[in-house]
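S.K.: Given next are the chains, with one letter for each unit.
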Amino acid sequence: SAVISQKPSRDICQRGTSLTIQCQVDSQVTMMFWYRQQPGQSLTLIATANQGSEATYESGFVIDKFPISRPNLTFSTLTVSNLSPEDSSIYLCSVEDRSYEQYFGPGTRLTVT
Amino acid sequence: AQKVTQAQTEISVVEKEDVTLDCVYETRDTTYYLFWYKQPPSGELVFLIRRNSFDEQNEISGRYSWNFQKSTSSFNFTITASQVVDSAVYFCALRGGGGNKLTFGTGTQLKVEL
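Taken in sequence, the protein lines are chains A and B.
Residue numbering for the first sequence follows the working numbering, starting at 1 and increasing by one per position.
Residue numbering for the second sequence follows the working numbering, starting at 1001 and increasing by one per position.
Bound conformation, chain B alone:
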């Protein structure tokens, strides 16, 4: 069985602060894929990143960065210099190697205030 845990239900920060969203996963597959999605108040789900289980390189995209550590089964997401527009619910998700189903975490509500 696959499981994704996002222990942080809600995080509030002041604009320009850095913030890290945690994601811990469980799977028995040796090949799998990890994802982060952003869901702003409008409701659509925006794809942010996909990471393969065999690629542990960290990735940076502008103010966003991701830290993948297989040893701790974690795939954490950091926003540097947060902005009000970053306010949204962020979901971490897992796809096993043998199927197409995405298993989602419960999401973390990020509120960035002025």
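One chain only, chain A, in its complex shape:
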């Protein structure tokens, strides 16, 4: 299974600012995924990030709010822009291997004050 790291592990940000989350994988993968988990809730897919193309966003998520970069096959960033308290969540990146198994990073716990 892939080993995935995320930075930062947690952060406290002020309203109106932005936070960029990094996701690093120890092997090359075609697709990377970004999920959000609001407090006490399940996981919701934000977008799928393919290397060399624009990310594909799920309904309810827009690029202006959640810009994503995917510069190579082992790295991706998610920025959460113009933060509001409603953005307080855990953000997780994941990758899928050839057996269709998806593995998740440790998550970034964001608190917006």
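Worth flagging that the hints you see were computed from the coordinates, not collected in a lab.
Below, in silico cross-link-like pairs of lysine-lysine (DSS-like), each with a Cα-Cα straight-line distance of 27 Å or less:
id	chain 1	residue 1	chain 2	residue 2
1	A	K7	B	K1101
2	B	K1038	A	K7
3	B	K1111	B	K1003
4	B	K1003	B	K1070
5	B	K1101	A	K65
6	B	K1111	B	K1038
Assemble chain B onto chain A, guided by the hints.
M.R.: Showing chain B alone in chain A's frame:
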């Protein structure tokens, strides 16, 4: 549209009891994949199992076992002789054959007490 239902919001058991977590899914795909993940209080999501729609064999891994029944669209998870370390939120998830998106259930909080 795909949907995963975990009707049990919270389950409390005493250590050494067996416990079954229910998962019911909906999909129109003929090929799909089902998953179980564990999320301990630390927050990381731990992969437990993937099951293909064309493989209905039940699986056992140590104290964990999974019962997949296509006839009832269910993929239930049983922990035998539960331990305090099993306390976590458990998520069931579905991946359609034509895409990569995981659709998660709402999770079941399992509390194992001494």
